[in-house]
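Student: Each chain is listed here by its residues.
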Amino acid sequence: MSRDEDTGIESAVISLAGGSRKRITLNTHSIQQKTQATQVVYELSEALGSLLGDYILPTIESLYALTVEKHSTDIRYSAALSLSKLFSALLEVIRSGRLSATTANVSEIFHKSLLYLMEALKNEPDHAARFAQAEAIRDLLDAVYLSGVEEVDGNRKQGYVIPTFPETLTKQIVSFLLMECAECLIRRNKVQESIAGNEALDQEDKLQQQEERVEEEDEVLTVLIDIFGHLIKLHQDPSSSGNSFMGVFDQTIAPAFSTYLSADQPISMQRMICCLLDDVIEFGGDASFKYIPSILPVYLMNSQSEDHLLKQCCMYGLAMMVYKAPQTLLSTQIVTSSSSSNASNYIAPMVSCFVTTILHPEAFEEDNIGITENAVFGLVNFLTNPIYRDELQTSVAQHFPLLDIYGLVLKKLPLKSDAVEVKITTIGLCSLIESNDPLLFTKHPVNHEFVFVPEILRIFGDVLSHNQSSGKGAVEASPLSITAVGDVNNNNSILPAVTQQRMLMILSQFQQAQMISKGKVQEFPLHVQSVLRHYCQ
Amino acid sequence: MDADVTFEYILPACARIAKAIKHDFLQYLPLIYPPLLAGANQEIQFSFEDADDDEKVGEVRRTMNVLFTTSELKFEFLTDVS
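The listed protein sequences correspond, in order, to chains D and V. Using this note's numbering, you'd call the opening residue of the first sequence number 1 and step up by one each time. Using this note's numbering, you'd call the opening residue of the second sequence number 1 and step up by one each time.
Treat the hints as calculated values from the structure; they're not laboratory data. Quick reminder that beta carbons are idealized off the backbone N, C-alpha and C, glycines included. Treat the hints loosely; a few may be bogus.
[Claimed, not checked] Listed next, the in silico SDA-like pairs over lysine to any residue satisfying Cα-Cα at most 20 Å (straight line):
#1 22(V) to 43(D)
#2 22(V) to 51(D)
#3 70(D) to 46(V)
#4 22(D) to 55(V)
#5 70(D) to 11(D)
#6 70(D) to 22(V)
#7 19(V) to 43(D)
#8 22(V) to 22(D)
[Said to hold, decoys possible] Far from chain V, some chain D residues (derived; all Cβ distances over 10 Å):
#9 46
#10 47
#11 207
#12 261
#13 397
#14 402
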């Protein structure tokens with residue numbers, strides 16, 4: 001073995017099977033510098049994002065080759081993460097108007113980045129790098145989705161900085177992802193077999209090793225399957241409830257994964273598939289509703305699962321079905337072995353599932369908050385869509401009086417964990433108020449005061465005070481930073497301007513009708529009182 | 001300045017400072033970007049060829065395994081070096 005200290009070139013002679021001898025020469029010094037430089041590129045991308053401005057394009061250009069750098073895992077790892085960060089930063093620069101999409105040639109950058117990352121992932125022997133590359137592909141698609149124009153319910157169907165998603169590219173990505181998923185599953189099975197067959201290990205070690213290595217494969221698989229969800233999001237028809245990706249989903253993705261929905265499959269696999277199906281229901285449009293009759297009973301069963309994450313994603317899926325597919329829910333009959341003469345739909349079991357979840361003694365423990373909020377979201381969707389009203393007043397009211405459900409739901413609002421849920425529940429509540437819903441404006445039989453108006457005021461005050469969003473799925477509390485009336489168009493607001501205006505209008509009407517009791521307001525938390533005082537002087 | 005110091009200490013320190021001071025760091029980007037991209041883009045010299053008759057088989061350090069786990073070479077080295 002030799003080393004040249006000046007150039008950093010190291011050389012070694014090795015013997016290969018069959019007796020041949022080879023000399024390997026490598027500039028390890030260059031690899032080290034390249035690795036450190038790529039790591040710094042990543043840290044700068046994360047630290048400065050779109051502030052990097054003019055440096056973004058030349059850096060992206062350098063990163064392509066680094067994502068497939070064959071001599072170092074560390075370089076490929078950092079390059080993949082940097083590429084998605086910088087692409088996201090580039091879209092931010094374009095959206096802010098500092099650069100035009102055409103000048104930046106952003107479509108070409110998007111395609112090129114995807115192709116390089118897929119190439120890197122295809123050949124990657126290292127688990128950590130594979131995970132980073134899969135995440136980078138997912139983050140590229142997410143950046144495109146987030147560059148779209150946000151609608152009132154938080155969905156983004158149009159206005160993406162990348163205007164077109166060529167069909168050939170979609171097909172290429174899908175077949176690549178299916179192949180990668182299959183390889184993950186093969187590796188997963190091999191790990192289980194090889195450890196089970198290793199007699200040198202005792203049972204406890206075997207289980208631990210198996211768990212760790214299967215978890216590694218599951219991590220990658222989760223991201224790969226999540227990418228399918230992102231493709232569904234990006235193929236929504238902006239002018240209708242169609243989705244051009246659903247044909248591909250029906251033909252290739254659904255058949256490949258449907259077996260993993262079953263209760264006898266590993267929990268991690270069930271979780272991944274349920275998350276994917278949640279995306280299908282949320283973004284797949286009308287063509288996705290045909291899956292509801294087969295998913296619904298499984299989701300209801302999973303709502304009793306011991307696994308928090310599985311329970312949470314199934315609860316979200318159920319709530320989304322209520323929001324997106326009312327006609328399908330009303331017409332989906334419970335299949336029983338007996339005669340179907342008394343056939344009923346799933347509305348009552350779904351309401352029961354949501355109510356039971358919310359009333360659970362541990363409903364608001366940290367691990368359960370996401371599950372409980374999804375259940376509240378489901379009930380709000382039932383209450384705020386008039387199409388369900390007959391069903392709620394007949395089959396459901398026998399078990400759960402509607403007025404009790406109103407009280408239960410309003411006590412748990414506003415939601416805090418998921419930005420989309422906050423938007424949709426607030427819109428629903430506004431609609432219910434604007435339609436003068438008789439149950440919402442129930443009067444107390446003795447003092448004749450409106451029973452739920454104080455709750456509405458508290459909810460509005462709380463929502464209006466939480467005006468900072470910290471990205472997808474999170475609502476950061478900033479109790480004393482009040483959205484002034486003039487700031488209704490504030491881009492950082494969790495709620496779109498149009499929803500805020502509706503809320504302010506309602507508050508104003510309440511004030512004119514003298515429905516706001518100062519005594520009640522004084523019982524609210526301080527940040528809610530401040531907001532209400534600000535708007536209702 | 002010694003390139004090793006630049007890549008091992010100066011540039012990572014700059015990245016941490018950038019994280020702390022954000023916008024105020026932009027004025028320094030013209031100074032750090034040229035060496036940074038030059039470092040990231042440099043060619044890596046590598047060869048894999050028949051050894052001369054007088055060259056003896058040397059000890060291959062374990063670290064070599066890491067360096068050569070590439071798609072191109074992983075099979076040869078992971079099976080034969082160990």
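Student: Residue 47(D): least C-beta distance to chain V exceeds 10 Å?
Tutor: The assertion about residue 47(D) is violated, with a minimum of 4 Å to chain V.
Student: Under the criterion that the straight-line Cα-Cα distance not exceed 20 Å, is the pair residue 22(D), residue 55(V) satisfied?
Tutor: 10 Å, holds
Student: Far enough from chain V: is every CB of that chain over 10 Å from the CB of residue 46(D)?
Tutor: 7 Å, violated
Student: Does residue 11(D) lie within 20 Å of residue 70(D) when you go C-alpha to C-alpha?
Tutor: 18 Å, holds
Student: Would the hint linking residue 22(V) and residue 22(D) be met if the CA-CA limit is 20 Å?
Tutor: Violated, because 50 Å separates the two Cα atoms, which is more than 20 Å.
Student: Compute the least Cβ-Cβ separation between residue 402(D) and chain V, then decide whether it is above 10 Å.
Tutor: 52 Å, holds
Student: Residue 261(D): least C-beta distance to chain V exceeds 10 Å?
Tutor: 34 Å, holds
Student: Does residue 46(V) sit within 20 Å of residue 70(D), going by the straight-line distance between their CA atoms?
Tutor: Holds - the C-alpha atoms of residue 46(V) and residue 70(D) are around 11 Å apart, at most 20 Å.
Student: If we take the beta carbon of residue 397(D), is the closest beta carbon in chain V still more than 10 Å away?
Tutor: Holds, since 56 Å exceeds 10 Å.
Student: Is the nearest Cβ of chain V still more than 10 Å from the Cβ of residue 207(D)?
Tutor: Answer for residue 207(D): holds, closest chain V Cβ roughly 27 Å.
Student: Holds or violated: residue 19(V) and residue 43(D), Cα atoms, limit 20 Å.
Tutor: 8 Å, holds
Student: Measure nothing beyond the straight line between the CA atoms of residue 22(V) and residue 51(D); if it is 20 Å or shorter, mark the hint as holding.
Tutor: Since the Cα atoms of residue 22(V) and residue 51(D) sit roughly 8 Å apart, the hinted pair holds (cutoff 20 Å).
Of the numbered hints given earlier, the model fails hints 6, 8, 9 and 10; all others are met.
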